[in-house]
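Since chain A is already given, all that's left is putting chains B, C and D on it; use the hints.
Here the protein sequences line up with chains A, B, C and D, keeping their order.
Take any residue in the first sequence, count from 1 to its spot, add 9: that is its number in our numbering.
Take any residue in the second sequence, count from 1 to its spot, add 9: that is its number in our numbering.
Take any residue in the third sequence, count from 1 to its spot, add 9: that is its number in our numbering.
Take any residue in the fourth sequence, count from 1 to its spot, add 9: that is its number in our numbering.
If you are wondering where the hints come from, they were derived from the structure by calculation, not from laboratory data.
Every clue listed holds true.
Same chains, same names: a pair is fine if it fits in one copy or spans any two.
Quick list of in silico lysine-lysine cross-link-like pairs, PhoX-like style, CA-CA up to 25 Å:
hint, residue 1, residue 2
1, Lys-18, Lys-51
2, Lys-143, Lys-208
3, Lys-178, Lys-51
4, Lys-118, Lys-106
5, Lys-118, Lys-245
6, Lys-167, Lys-13
Computed from a prediction, not measured in an experiment: that's the story for all the values here.
There are 4 protein chains.
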Amino acid sequence: MIRKISIEKGVSVAELLDQFAETAFNARRLGEAGRIYTQMLKENAFIFFSLAGAMMPAGMGNVVRGFVENDFVDAIVTTGANVTHEIADALGYSHFKGDENADDVELSKRNVNRIYDVYIENEAFEGVESFVSKIFQELEGRYSSFEIVWSVGRNLPKTSFLRICYEKKIPVFCPTLHDSILGLHLYIHGKKLVYDPRKDVEEIVNLCFQDEKMGALIVGGGVPKNFVLQAMLLGKGFDYAIQITTDSPHWGGLSGATLDEAKSWCKLTQDARSVTVYCDATIALPILYAYLLDRSQQENF
Amino acid sequence: MIRKISIEKGVSVAELLDQFAETAFNARRLGEAGRIYTQMLKENAFIFFSLAGAMMPAGMGNVVRGFVENDFVDAIVTTGANVTHEIADALGYSHFKGDENADDVELSKRNVNRIYDVYIENEAFEGVESFVSKIFQELEGRYSSFEIVWSVGRNLPKTSFLRICYEKKIPVFCPTLHDSILGLHLYIHGKKLVYDPRKDVEEIVNLCFQDEKMGALIVGGGVPKNFVLQAMLLGKGFDYAIQITTDSPHWGGLSGATLDEAKSWCKLTQDARSVTVYCDATIALPILYAYLLDRSQQENF
Amino acid sequence: MIRKISIEKGVSVAELLDQFAETAFNARRLGEAGRIYTQMLKENAFIFFSLAGAMMPAGMGNVVRGFVENDFVDAIVTTGANVTHEIADALGYSHFKGDENADDVELSKRNVNRIYDVYIENEAFEGVESFVSKIFQELEGRYSSFEIVWSVGRNLPKTSFLRICYEKKIPVFCPTLHDSILGLHLYIHGKKLVYDPRKDVEEIVNLCFQDEKMGALIVGGGVPKNFVLQAMLLGKGFDYAIQITTDSPHWGGLSGATLDEAKSWCKLTQDARSVTVYCDATIALPILYAYLLDRSQQENF
Amino acid sequence: MIRKISIEKGVSVAELLDQFAETAFNARRLGEAGRIYTQMLKENAFIFFSLAGAMMPAGMGNVVRGFVENDFVDAIVTTGANVTHEIADALGYSHFKGDENADDVELSKRNVNRIYDVYIENEAFEGVESFVSKIFQELEGRYSSFEIVWSVGRNLPKTSFLRICYEKKIPVFCPTLHDSILGLHLYIHGKKLVYDPRKDVEEIVNLCFQDEKMGALIVGGGVPKNFVLQAMLLGKGFDYAIQITTDSPHWGGLSGATLDEAKSWCKLTQDARSVTVYCDATIALPILYAYLLDRSQQENF
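Extracted from the complex, chain A is given alone in its bound form:
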C-alpha cells in the first residue's frame, strides 16, 4: 500500500527517506536505495562506488569522504576530472557559484572556466599542476591509476577523501586518467611515469573474485559505471546494485541502461536486488549518505 508522506516539523533526512520508500516514482526508488544499502552493509558486502559527473565541483567532496571514512565503500572508480577538482579543493582553491547563462567568451577573458553553474579559475589548475608535477616527476615505471592517485592523496590534507583512501588503502580507480587535466599534467611532467591500464584491469578483476557479497553504488554513467560492471563479466555477478542517474533507458546507451539489462550479461546475479533512482546526484547522494549515517550507527553495523 502507498503510505502518504506525513511530515512533522524538524523531520530528519533519514525519517523522510524511510517514508519515501512507501510512496511511488523516484521517491520510492530513493527509499529503496536506502534499504538496499543498509542490507549491503549488514552483510558486509564489498562495495564498489562508481562516480561520474562533476561531483567535486558541485561540492560533494565531503559526502564522498564520508562514504570512505564510514566504510560505506571499499573501492572507488571515478573520472580524472573528479580527482583533479578534488585536488584543487584540497589545495585550498575554491569553486564558485556561477551563472549557467553567463557570457562564456567574457568568462574566458577573465580566465574563468564554467561547469554549468560553477566557476573555477585557471589559477586553480596552475596550482594543481605545480603540486602534481613534483609528484609525477618522482615516479618512475608502470603504475596503475589507483597507485598514481594514492601517490597524490598521500600528499594531500586529511580533509580530502583522496588522503583517506590512501591511508585506508581503498583503491581509487581512474581508468580515464589521461582524459583529464590531471592526465595532461601527467603527460607533460611524468616523463618516466607510465599509466598502465592493464594494472587497473588486473586489480579490479581480482576484486571481483572475492568471497564476500558484492555490491555497487553507481552514480552517473560513462566509464566509471562500465568499468565496474564489466569487471564482473569475469566474476560471479553483483548481488546488489544501486544506480543514481539522469539518463534514460530508451536512448539505448550504457549510461542509461537498466540494471536488469546487466543481468543478461551476468554482471548482476539472477536474483540480485537492485534499484535505479532517476535524480540529480547532488540531491540524491547526500540524502542517501545522511540516511546511512543515521541508520548504520543506530543499528550498529
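Positioned in the frame of chain A, the structure of chains B, C and D alone reads:
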C-alpha cells in the same frame, strides 16, 4: 563560493536544504526554491500552486494538505485526475505499490489500473462514482470548477486537502475537470450541472489583480502551469516563481519552458525572482515542504 | 536481425524510414511507427490525432494540413495555443526565428514573445483578437470546442488546416480552449457564447463507439493525449497507437506513460499494436508524414 | 522567419533537412548541423568525430564508414565497445532485433546479451576473441590505441570502417580501450602489448596544432567527447562544432554541457559556429550523412 555539503548524524531536511543552496546544479536550485519561498511567505505574497502529475497516487496528498493548512498557498490549480484520486483516498480506497514492469493485460483482467509503479483497483473508481454522483445530481446551473470541487470537498473528511480548501475557501481550479474520470462522472450524473470554464477564467484573472506580491509554485507542466501563467497576461506579472519539473527547455514546449521565457510574455515581472528545479516532485516537494514547516515556525512568518 | 543502414545519394525520406525499421533504438521505433500507420490506413481505421506542444509556432502547420487533406486522420485533439497560433499564421502574421538565449526582458520591451527559439509579436495576437472577436460576438448558446473551432476555420483561407477541417467536418477538439489566448478572447468577446466541455465529452465518446478499427497518433502528452485515451475508457480500446514524445516513463506522469500502461486501463486492446518514439516531434512528425505520403500513393490505400 | 515545412511525395532527406533549418526546436538544430557541416567541408576543416553510445549494435556501422570513405571526417574517437561490436559485425556475426522488456535472466541462460532492444550472442564475442587474440599475441611494446585499432582493422574486410581507417591512416582513438570486451581480450592475450594512453594524448594534441580550420562532430558524450575537447585546451580552439546528444545541460555533467560552456575553457574559439541537436543519434546521424552525401557531390567540395 561553493560550500561543500557537510552532514552530521540526524541532520534535518531543513538543515540539508540550507546547505544545498550553497552547492550546485539541482541541489542548489532546490535550496534556492526554499529561500524564494520563505521570502514569499515573509512578504505575504498571494501564492498560486499549480500541480500536475500523478501526485495523489504517489502519496503526496498530505504534503499538499500541509501546504494548505499552513497557509503556504492561496489558490490551487490541478488536474481532474489529482482530484479524482484524492477523493478515492479520502473515501478510504488505497493506492498500492506496483511494478512498472508488470503485465498490463494481466492487470486489466484483475481490474487493476497502473500508474507507473502504482496500482488502483476499479472498485475505487466505482466508489468515487457512487460518492460524487449524489453530489452532482443535486447541483444545478453553471459552476466554476472550483465550486464543483468545493461541493465535493465539503463532503469529505478533514484528512483530505479538498475539505480543508473548502473550509478555508481556497479555490482549487480544475480547468481540465472534463478530462478526467471525475469529468466522466460529471458527464454521466450531473445532467443539470454545467461546468463553465468562463467562471474559472474570470476568477483566476481577478486573483491576478490583487495588490499583494504575487507568487507561484509550479509543480509539473501542462494546463495547471499554463492556466496560472496565462492569467498573468492580463495581470501585473508574478514577483516570484518556483518551478519543479522533469521536462527540459530544449524540447520547445510550455511544460519545459524556463521562467525567463515567461518574462518575454510579461507573465513574470522584469525583476522577478525565480528558479527551476529539475527533479521528480515526489522527492523535491516533500523536501520543500519540510523546509517551510521548519523555517516558518522558527522565523514566525 | 539488425540491418545496417545503407544510404545512397538522394535517398528519400520514405526509403530511409524503411531502413530505420530494421535498426534499433528510436530509429527503429520511428520505422515501426511508419509500419503501424500504413496498417491503420489499409484497414481504414478511424484515427485520432492528439497534438500537444508548440507545433504551429514551430512551422508544422502544413504537415498537419497534409494529414488532414490526405485523410490520414479523422479527428484532432489539440491545445488552444496551437489553434491560436494557426490562426495567426493563416491571417498572415509570422513566427520568427529567435534565440533561446535572448534577453527576455528586452524582448518584452519590444513586444516580442518567445517560445523557446521562436518569436511572435504582440500585434499577431491583436490581429487574432480582432479576427475572432467578430466571430465570437455572433455566436450564441452552448458550443462544443470543435464547433467553435469550425466557426473560426470557416473564415480562414484554405492554406489553414482549420479551414480544411471545417470543410471535411473533421472535429478539432480543443478541450483546453479556455487555457489559451483564444480562450481569453472568448472570455472577453463571446459574452453570449458558452464553451460547454460536456459536448466535447459526448462527441468524443460517441466517436469511440464506432465499428471501425480505432487508432491514435499521439504527439506530446498533456490533455490532448489524455482526452483521447480517456474516451476509450468507455469504448472498446484502441487497436493501434503511435506515440511521439520527449517525456519518459520513469517520472510517473501520464504524458510519459507507456502505451502498455494504457492496456491496464483497457484504453488499448489487449493485442493492440503500438509504439512510442522518443524524439522531438518537429523531426519525427514530418518524417512520418513524408513516409505516409509516399507509401499511401504507392500502395493505393 | 519560420518557414512552414512543405512536403511533396518522394521528398529526399536532403531536401527535408534544408527545410528543417527554417523551422524551430530540434528540427532547426538538425538543419543548422547540416549547414555547419557543409561549411566545414568547403573550408577543408580538419574534422574530429567523437562517437559514444552503442552505435555499432544499432546498425550505424555503414553510416560511419560513409563518413570515412567520403572524407567527411579526419580522426575518430570512440569507445572500446563500438570497436568490439564493429569487429563482430565485420566477422559476420549479427546483432539481432530484441525486446527491451525481455526477461534478462532468461536471456542470460540462452547466452544472449541485451543492449536495450538489440541482442548479441556470446559466440560473437568468442569469435572476436579468437580473431583478436592472434593479432594481440603478435604485437609487442607500447602502442597507442589507434595503432592497436589499425592493427585490427588491417585484418578486417573492406566492409568495415576500421579497415578503411587503416588504409586511409585515419586514427581511431580509443582512449577507453581497456574499458571494453576488447580491452579484456587485450589483457588476456596481449601479454607483450602495452596500451600506452600517453601516445594517444601526444597524437591528439599534435592534431590540434594544425593550420587548418578545426571542426568536431560530437555524437553522445562521455570520454569520446571530452577527449576531443580537452585536446583543444592546448590548441587554438575549434572553429566549428556539432553535437548530437540526448543528455541535457541542467544535470551539470560534461556529456550534456552546451558548446557555449566549452568557450569559457577556450576549447571552442570565441566566434566558433556550433549547434547542439537533442535527438537520438540513430535518427539524426543517418539524416546528417544523407544530407552531406547529397550536398557534397552537388556542390563539389
